[in-house]
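Could you build the full structure based on these sequences and the hints that come with them?
Sequences listed follow chains F and Y, in order.
Counted from 1, the first sequence has number 361 at position 361 by the working numbering; the numbering is strictly sequential.
In the working numbering, each residue carries its 1-based index in the second sequence increased by 889.
What you were told as hints is all true, and nothing was included just to trick you.
In silico SDA-like links for lysine to any residue, alpha-carbon gap of 20 Å or less: (1) F:Lys730 to Y:Phe1686; (2) Y:Lys1556 to F:Ser796; (3) F:Lys429 to Y:Lys1556.
Take a look, some chain Y residues computed to stay more than 12 Å from chain F by CB distance: (4) Glu968; (5) Thr1005; (6) Ala1013; (7) Asp1047; (8) Ser1060; (9) Pro1287; (10) Asp1381.
It is worth saying that the hints were derived from the structure and are not from the lab.
Idealized CB from N, CA, C, for every residue including glycine.
Chain residues, written in single-letter form:
Protein chains: 2
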Amino acid sequence: MTQWVYSFGATQCDGDASQRNLLGGKGANLAEMSSIGLPVPPGFTITTELCTYYYDNDHSYPDILTQQIQSALAQIETETGRQFGSADNPLLLSVRSGARASMPGMMDTVLNLGLTDESCDGLATQSGDARFAYDSYRRFIQMYGDVVLEVDHGLFEDTLDDMKMDKDVVSDTDLTADDLKALVASFKQIVLDETGEPFPQDPNTQLWGAISAVFASWMNQRAITYRRLNDIPASWGTAVNVQAMVFGNMGDDCATGVAFTRNPATGENQFYGEYLINAQGEDVVAGIRTPLPLTLEAKQQGGHDALSLEEAMPEVFAQLDDVRHRLERHYGDMQDLEFTVQQNKLYMLQTRSGKRTAEAALNIAVQMAEEKLITESEALDRIAPESLDQLLHPTLDPDATRELIARGLPASPGAASGMIVLTADEAEKRANQGDKVILVRVETSPEDIHGMHAAAGILTARGGMTSHAAVVARGMGRPCVSGASDVRIDFDAGIVYLGEQQLQAGDVITIDGSAGEVYSGQVAMVQPNLSGAFETVMGWADKYRRMAVRANAETPNDARVAREFGAKGIGLCRTEHMFFDQDRIVAMRQMIMAADEAGRRAALELLLPMQRQDFIELFSIMSGLPVTIRLLDPPLHEFLPHTDSELEEVAEAIGVAVSTARQRKLKLEESNPMLGHRGCRLAVSYPEICEMQARAIFEAASEVARQDSAPIPEIMIPLAATSRELEICKAIIDRVAAEVAEATSITLEYMVGTMVELPRAALCADALAEHAAFFSFGTNDLTQTTLGISRDDAGSFMHDYQAQEIYPIDPFVSIDEEGVGSLMRIGTDKGRQSRPDIKLGICGEHGGDPKSVNFCETLGLDYVSCSPFRVPVARLAAAQASIRAKAKS
Amino acid sequence: MTQWVYSFGATQCDGDASQRNLLGGKGANLAEMSSIGLPVPPGFTITTELCTYYYDNDHSYPDILTQQIQSALAQIETETGRQFGSADNPLLLSVRSGARASMPGMMDTVLNLGLTDESCDGLATQSGDARFAYDSYRRFIQMYGDVVLEVDHGLFEDTLDDMKMDKDVVSDTDLTADDLKALVASFKQIVLDETGEPFPQDPNTQLWGAISAVFASWMNQRAITYRRLNDIPASWGTAVNVQAMVFGNMGDDCATGVAFTRNPATGENQFYGEYLINAQGEDVVAGIRTPLPLTLEAKQQGGHDALSLEEAMPEVFAQLDDVRHRLERHYGDMQDLEFTVQQNKLYMLQTRSGKRTAEAALNIAVQMAEEKLITESEALDRIAPESLDQLLHPTLDPDATRELIARGLPASPGAASGMIVLTADEAEKRANQGDKVILVRVETSPEDIHGMHAAAGILTARGGMTSHAAVVARGMGRPCVSGASDVRIDFDAGIVYLGEQQLQAGDVITIDGSAGEVYSGQVAMVQPNLSGAFETVMGWADKYRRMAVRANAETPNDARVAREFGAKGIGLCRTEHMFFDQDRIVAMRQMIMAADEAGRRAALELLLPMQRQDFIELFSIMSGLPVTIRLLDPPLHEFLPHTDSELEEVAEAIGVAVSTARQRKLKLEESNPMLGHRGCRLAVSYPEICEMQARAIFEAASEVARQDSAPIPEIMIPLAATSRELEICKAIIDRVAAEVAEATSITLEYMVGTMVELPRAALCADALAEHAAFFSFGTNDLTQTTLGISRDDAGSFMHDYQAQEIYPIDPFVSIDEEGVGSLMRIGTDKGRQSRPDIKLGICGEHGGDPKSVNFCETLGLDYVSCSPFRVPVARLAAAQASIRAKAKS
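Right under this line is the structure:
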């Protein structure tokens, strides 16, 4: 018999933290906390397997489920001493989602479940607080009506607003018990009017309705979007947690709050959180009332007037602080807690690994390792490589002049400039057009996620440090200023009032998410100073990683940045990028459009000294490190003149009529340039191009070798599909090498290898390896050809493809392991077959993607190469991959 | 010790016919003829292995070679009773190439080798014919000077012409011994002037020079071109045959000729050939003197005056006729012979399997099988499947009016119309532009091959039935009229005089290669009547083949032709081809450019009845046979409006402004449409398209099933890379099938499968096979993606790629077995892994290519599908592949 339901509580606890896949994160941790004796209200978790069952069986449940739930419910009744559905002593329940990975706010929740007309009276009697009872009931009807019965929640809100206006009060809390009783009646009427059925008075009906609503919310649009953005498969499903309600809103001896065991923004080892007296949990996270600091220290730092929890409820605070330390020791990681205090008694409602900024992740990992809470390997594993990207983003230049126009909370670090947009859709649209935008909202909600993702930064008028905007922005690495109360928005007019200023949508502002400040216009920025923890972690990463990390770079600037970020050489220098400068493009066009070899040679003569100078600079910067130079790769038509004046210019350079030049241009245009006359095909057709580039490389290397240690050029032949192509190109390169060696009397070491970027190259890698001393997997093109998808054209369908989980992860971001990956495996195996010591690397965009780096480790590649800013990411990812590989072996 | 030299002759014979790879075709057959006692002048063959050695070792020879050659030479001296280099009794030699495969006229030959000033006098004395001796010597100097010493042959020819003018004679034969002696002196002076060295007087120097020249000629440009056109690897190398000279030009009791043991044009069992009295071999094939028929019958048929060999030399003829029968029995195949009669004695100089027309090949194979000379399997193996193509070419409509403007010889059957071009380069250029051309030449030479290949037909003013033009044209399946002596060409003026007519280059003519006739303008043509032998062979092929042969067809006409040619169903119906009709393209454009699903559905409603009607016709024609229908595949942009008026038309149809329509068009354009939004990606984005097509298929099938046996539609999903795409599309198809079944009360059998045309599909075939009941390898696209070559753009480099042997055979013609083939193997293996009974086929162009069909047999595919006209080719190729596979197992 399948166990669909797992109880937790003081008397019985079926699950533990290891069962995250089955019980979801929340359920597993509630069980774990119960089992180590923390004060958790009793409850039970319905497993993620049931979610799968539910979707596989047309939204139905196995028969046995009713019995399992009834039995688990009975246990809660025993432990709490209350009865579900009782009129006198009702047990109220919360019903919440809880997936394997945290998806905050994405799915539905129902609180105060079990209230009926009858039990509401019982609750009033029992609690001695009729106002509390009716407030709970109207909240329940509102939530249940919205979530389960799909009644427009605006109807409830409007009725509440009308009531407040009627009674001339500002806050909900000013409404009396009678007001709330009347509101309950109105809400019930809304339900009847909208659904044609009275609000359900059977608690079991309520419970099943809520459970189904939670499962159904797994497939709502915002959950689907969130999963896509966070690479969470739909197949995981969500669990449902049903738990006895505790109330933070029964009076001033009650409270509710959220906390992090360390500062999630900086990583400092300080208790960090917010709470509200006499409130329910969602009041804190929803940002409706501005919450208060947890500790005295934070209160003093923030300059608040209200009492901290430490002052208001010192005993409860001490107990909570003890829980904080126990949980950190138990989990060996910084935790994100939810708690409620009901009549001075502390209840823990949730613990989970806390989201944190990259800076905090680094600091926490390093500190915990130093505190011996975790090992160095574990510390490395705690840091999401992707998150390092944040640390490398610019901050405001301290010397830049700036005009402060508003202040808010420093919700997510980093700075960003962009034009104001007022809706998530607009943000996405503008960003797709290439604009940098700042999304400005009163507060954000899960519906805004795509816009937050598209924005360079986020600014909200309401909400605290743990508001939706803050949590999501930190997770995404977007700078965010929240709770900037000076900000007002007139949507219809498209105007944003920032303090004294009045700005239009489209105006540029700058936000500093580390300081919580908003500036007018664009403010100059500087590179961040990387903290000591960053260096420590990078040091550990280098100690544990097996693969080398190189950078893709061709400009001296990129090469320098790459070296600073710890690149051990250049894995891809794309020589064509060197030819787009205004003074070179004409010579390049002259070469392409020449009528014959003599014409091409004349143009190549002009290009040779420029190209040689490029390599001299590059070799000097990378002195002592390998530099992989890819020969000219792109379809020639990329260099073709676009405008008439460009055409005239090139016609004059080659000395032909404009009409002749235009005809040559037409002849060079291709219908599928990606699969056209490019890569080593150019060298086969026009050996003189390969010859010029080889000459530039060897002459530059000789030049550098005169003054410095000789570089080892690794010359890479692009787009080879056959061994014969390599044979032909290598013969040219070897000949030029010998010629230069003779002329300069300097004999250089060098390697000739190839990109493996076509399926045929991987399939015939044994033959290719006979002429190639190294392979570098060009996974961009390999993905294009293996999947038959042009990256430039994928936009029209890739969205549908991800939504329908055909490619759950964009294959241009993470290597498609089944398809492209299996070709890479064939390529490495066959390459080593005929050349056991062949050097193997990767130089596609995937070289900086942690999941792909891990895959490269499983193939045993020698190095990964990525863009300079991704080098730290790749170093850490490579270390994690090594650690994982060792753990497996 | 390696044996580099193999002797043949009456007294010692080292080789035999089985050693073709080592000795070349000519050498192996000379040895074979010697060993069965035929009169072959003694000689020796230097092996093809030495050719390889020569190129691998920088054009040098192993030391032992000298000794082996001297010893073989000694044996010739013994057998002939002459001495090489002797002044009194000189042995003269011929030195000829001889590769594994016949490459007529491609490589160099030197005759009369061994003549020096001294031995020429000896030869004059010994033969009693000074004229003959000096003529031989001047021919030798001329040939050796051209071939070995690389002296421009025009210099010799000009001197000869001057001499004739001087002496006021027309023919070489009118020159006296003294004239020729003077000519020898002039020729020697030319050599001295041009090379700075006197003509070599040492016979051994001459011999080594000639041997090296033959080896060197293996790599001349025309040999390379010929090999590329005929798929002959450079690695095979050529042998060199050194043989005692015999002379057909020593007087009127001498002759030389070529013969086929059966008629190579028709296959009739009649001795067929030509000869010349008092001539050397090249006089016959060069077409300088028009040769005479061999037999009395041929003389009478041709209405010639001169004596046939049968009349002129009855004894020699009887002996030759006997040789003819012995060789046919011995080789079991029609032979192409060369012979020389020296002073009434017959010598055989060559035998080889004779080139023949497709019609002749069929007739000979069938007759020989009926004569029990060979088995049915052997008969099938004798016919080149490619050659059947010729039989299916049109001939002139007998009822068409026509204007005969010239007559020539019926050198290669079939008829063709095209514009006159006068050079091979022009032929190639025009053909590349899509024009049909007739190449008109005085006579053709190996330099013209590329132009002959490009031409629809060939017309020459000179040369017989065995001239270069005739042999090559028959081999290529091009219609050819040779020796049309009324044809005169003024190159400079670009004018062709045909009898009375004067035509310009560019004017259209029609040639009938079966009748030897030339017509003005374009003459209507008809399909050929396939002979009984064709039906017999096709019947045998069907008996021996394992794979089924289907056709790629979508129009009723193509489907009917396919059935007539024996297709067992349709393997590929490309539904997009159905939408280009004028009345449909507007609805198609309306669908593509609609703003939303409703707009698309409106347009699809218009297309549904048309599409249904298409399928009704197709299913009716293919009643009882499977029909594979591929869902819409091409990038939508192929259907986009081109002109402004088309744009206006579609804008009106969808009811939007032209500017809006133009914007949508821009949005739909792609940079690499081959890898863009096409194939099943359309069905994923726009499921309603898939739905409409499925509905049309099932409604049509139900309609046909009411009156006929129900067709089994095999619905093929294009361009799938993942199993999920198939899952999504199959769900739509299955749903529509159920809906149509319910509406019509007819339940149809059908299959859903996929094209395997992306590398990922092959690599993940196990997953795909879970949703696909069949795979059809789409080798066109699979080649494009595996090799990364766009077929549309390959033109700019494929020529270089073939010339440099990167792809020795165009991979779009024959499957690239190492690359694409290995993916096909992975695909078949993995497909069968998860679905052992999966149906496997191929529907790319390769399905009609014999080499590729053979490869498909090795994979065990169930069927091949090709264009209707290739069906007979594929049936025969499939039979040969089956026979080969059985022979191996």
